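Asker: Take these sequences, add in the hints, and give me the full structure.
Protein chains: 2
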Amino acid sequence: MKMLRVDMKESRILWEPVPKEYEQLGGRALIAKLLLNEVPPACDALGPHNKLLFTPGLLGGAIVATAGRLSVGAKSPLTGGSKEANAGGTGGDSLGKLAIKAIVVENRAKSKQFQILVIDGDSAELVAADDVVGMGTYATSDKLWERFGADSTVICIGQAGEYLMTGAGISATGERDQRSNHAARGGLGAVMGSKGLKAVVVRKPLGRTPKLANEELFRKAAKAFAQELIQSPKLGTKGSQHLYGTASIVGAVNEMGSFPTRNFSEGKFEHAAELRGEKIRELVLAREGKVGTRCMPGCVIACRNLYPDASGKPIVGTVQYETIALVGSNLGLGNLDDVATLNYMCNDFGLDTIEAGAALGVAIEAGLAKFGDMEGIVGLLKQVGDGTVLGRMIGCGAATTGRVLGIRRVPVCLGQAMPGYDPRTLKGNGVTYATSPQGADHTAGNAFGARNEVNPLGIEGQKELSLKLQIIAAMLDSTGLCLFARPPIISNPQLMIDMINGIYGWGWTKDDYDRFNRDVLRTELEFNRRAGISQKDYRIPEYMREEPLPPHNAVFDVPDSDLDTVFDTL
Amino acid sequence: MKMLRVDMKESRILWEPVPKEYEQLGGRALIAKLLLNEVPPACDALGPHNKLLFTPGLLGGAIVATAGRLSVGAKSPLTGGSKEANAGGTGGDSLGKLAIKAIVVENRAKSKQFQILVIDGDSAELVAADDVVGMGTYATSDKLWERFGADSTVICIGQAGEYLMTGAGISATGERDQRSNHAARGGLGAVMGSKGLKAVVVRKPLGRTPKLANEELFRKAAKAFAQELIQSPKLGTKGSQHLYGTASIVGAVNEMGSFPTRNFSEGKFEHAAELRGEKIRELVLAREGKVGTRCMPGCVIACRNLYPDASGKPIVGTVQYETIALVGSNLGLGNLDDVATLNYMCNDFGLDTIEAGAALGVAIEAGLAKFGDMEGIVGLLKQVGDGTVLGRMIGCGAATTGRVLGIRRVPVCLGQAMPGYDPRTLKGNGVTYATSPQGADHTAGNAFGARNEVNPLGIEGQKELSLKLQIIAAMLDSTGLCLFARPPIISNPQLMIDMINGIYGWGWTKDDYDRFNRDVLRTELEFNRRAGISQKDYRIPEYMREEPLPPHNAVFDVPDSDLDTVFDTL
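Top line first, the protein sequences correspond to chains A and B.
Counting from 1, one number per residue, gives the positions in the first sequence under this note's numbering.
Counting from 1, one number per residue, gives the positions in the second sequence under this note's numbering.
Hints were generated in silico from the structure; no laboratory data involved.
Predicted model, so just to flag it, every value in this text is computed and none were measured.
There's no promise every hint is true.
Copies of the same chain look alike in the list, so a pair counts if it works inside one copy or between any two.
Unchecked claim - Within a straight-line C-alpha distance of at most 30 Å, the following computed DSS-like cross-link-like pairs (lysine-lysine) qualify:
id: 1; residue 1: K536; residue 2: K9
id: 2; residue 1: K112; residue 2: K268
id: 3; residue 1: K536; residue 2: K33
id: 4; residue 1: K370; residue 2: K313
Answerer: So this is what it looks like as structure tokens:
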């Protein structure tokens, strides 16, 4: 294993051995530790001292189902804290196969010219990006596939990242012609832009697989894990995730009254039925699009769709739950074609759909358009690509948009927009939003799946639930596992321990595994503390404690004393 | 003495006795304590739980030269911390004469309609503001003078405050037809806007003067104080402050290389000579404008000018140093007519000229106009009044403008723009900017006057100097004294103690006085701590520690360890 260090100021590339401290870390765990060790926590997130990190999870490159996610990290310009976001596609698998533990991008380019980092086997170089600067992520991916081969993974930013918008994400390609997987959250695309890095291209590693320390142990565990996934009633080929994708939950979230509607002012959307996963499947099949495809090599869940317009021409792949909630119901739009169009635009600009949807909701509340008015909304969103002041404001996310427009109803925690679960009616998620070192983020610990276990409207048990889920999320994000693949590991952690020991021969015990997971959070919290982030900075916005959310008319009422003690048993 | 409590939600007005805890407090000291006691520190600054406070200083209403400033306070939407800003004019004197210790404005108006609080003797009422909504502060003042009598004090916001822009200040009228004194800093105008309060009108109190506990003691001290001011070589009628106004320091600051130029990228401006106080006097006299007028009743310094255009028509009164630096050299403008025009526009919108100038500098760096291009700059600034997205961004100040436009060179501390002294070459001010509970603010402790005492380019002695100055500033802001009147009090604090004892009969000792001053800072720091503001939030921006400032090529290099211990001896 090795690390690739790229100094953008000097255009210098160094291969380094992996320091002992990092050997047993991957994905988010490695990002957290590298940030704490190498990045001054109070630094300017878009300045030269921040570092942009790409890391595969511990399972990256090994043949494990649904486990090739690529983690990207930096100090977030949106939250000001430690940030990891991960994407599907082939990036995690490729870096794993190349035995690249981390790419560390340092400093800022001297000129304003953008460059591309090209990794081919054991060599790496920086080349000019002049032919793709100013382009969206789709055109950039196509152009770089042309230039470097269609079997490369293209990891890139769009206009949002180039303009340093704090809602900018990073796009990564997948198998065949699949583009637009996104490490979307926290403004990592702006960090990439600030480094002067337009793209990372990883040539497909041929004939490389990680050496296995204990092949038998690994294969047995990996096989059992895959079987569990396939046989799961939710995840397998007859499961709702496979059939309807992440949007399978639209109906349930709407019934709970937690479906963000018209800038989080209601929890139930009258057109929710038009946005359900079942509807996606029906439309996609009728229009001869694709359902049940995968974003990562070897994924057995295959939740992905390719959504076409009425004429059968693909609009975007894949329409997902969070996007549906944030640019659909949250903007008063009850039409999947509209959602898909806005989704495509965000993906192309390289903009987090959650942050963009929340920002647009705030802008509409301020009167810049009307809820449900697709034309007006497109008019706002397209300015992101044009780089107008209005577009930059939207691209900087909900908090900045609320600040500029003087709006109080801004659904953010730690400066980051909330995903598709209103915390007033899914209070476990509220606890996660208000305590996670990542800011408001469902992937940091989503209580939706535990709604039958802990009453989503009650206070009791929420803080314990959130902590449990946050620890699991840290594990997922550090191994490269998709969060939909978590059930088999939750019910039998030994499967994960065996896979890791099978690959690396570390002889991890259950205690080692548990410490590993918890250390991720501890490290991130410490980074944030050193960055000057205090408990008050994490809080749920004031209005959500006071404005009842129809139709349940619930407020967020988990006491601060609970929030402040979530990590006491970490 | 009494307090006036105004509930904007219920349109309810209550006269209250002054609780014992507040009896011996005034101005900033009273604001700090009221905020700590009554406002939840982590609340939304533009939400219902913040309170807007108006307080005269301890000397307000008494016949003391240069001592009638009106303090305004709230939790700042710009810094997130405890905020006091004060203005000249007749407001402080009138409230003092009416024995109103504080006006406490609570909650938010139910509808979006604005109201006016009218105080006439011992009665007060809320009336509709429909005739002045949407107007700038000049037209609002004129209209309300018409409506309520020309001898009223009109305290109001312009469009910036109505739009909740976080750079909005509050304007107050002075004697005769004098308008546009400003409690400019920290976005207090936005707090006023969020309450639905367009203006406070105070009818001139006739025949009311505070009872004096010890008339002889008071008169003797007040007379000695006035004599000291009059005889001071700097302040008296032959002094530079009187002759040239606050702009008398342009030459010296420029020579020090501390004169903010082109978005704080240089410390010396090639056209500085065109911006000097001497030049103002020359032009104003030639054009038959006014110099040497006063903003407060009884001021013997009289530093104010009324700056006319070439045809003799008044543009604005008064052109001051900070405005000259921020909308002059900082924007590459070397022409006083341009400065006066931008000054007028800011005043009329009710926008802090420091925040506006810093925001415009950042916007120009981002390419929205060119340094020195008056037409382009006016084009940007006028959008504040129009309420466009660009205008709102500028009106929200430098930090927001930098965020939206992706600019790293943003001269702020605690979210508030720096005034006209680059901290790299006047390091004492850097310490004040980076530690004051008020954020970057020269009035919180300006080391310029001590430049011969402590080397402005050195590190040694800066933290002690800053603390000393911050304590003095707290005293000034709490007594209603103008900061130009501080020299006699600094050299002989007994004068202040005697004036206070003469009015109130409290029998203060030097120790009481000292504790009073220090308590202001302690209280504010505690509020900020409870608001979640950490030491890291106060810091000088990273780039100022790294980018040498021509021509001295100095960086800000006072170590964090010094900053973190400034208040150890408080």
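Asker: How would you classify K370 and K313 at a CA-CA limit of 30 Å: within, between, both, or neither?
Answerer: Answer is within; shortest intra-copy Cα gap is 28 Å, inter-copy 45 Å.
Asker: Are the CA atoms of K536 and K9 at most 30 Å apart within a copy, between copies, both, or neither?
Answerer: between (37 Å within a copy, 27 Å between copies)
Asker: Within a copy, between copies, both or neither: where do K112 and K268 come within 30 Å Cα-Cα?
Answerer: The answer is between: 27 Å across copies meets 30 Å, while 46 Å in one copy does not.
Asker: Can you tell me if K536 and K33 fall within 30 Å by alpha carbon in one copy, between copies, both or neither?
Answerer: So K536 and K33 pass the 30 Å test inside a copy (24 Å) and across (21 Å) alike.
In summary, the structure agrees with every hint in the numbered list given earlier.
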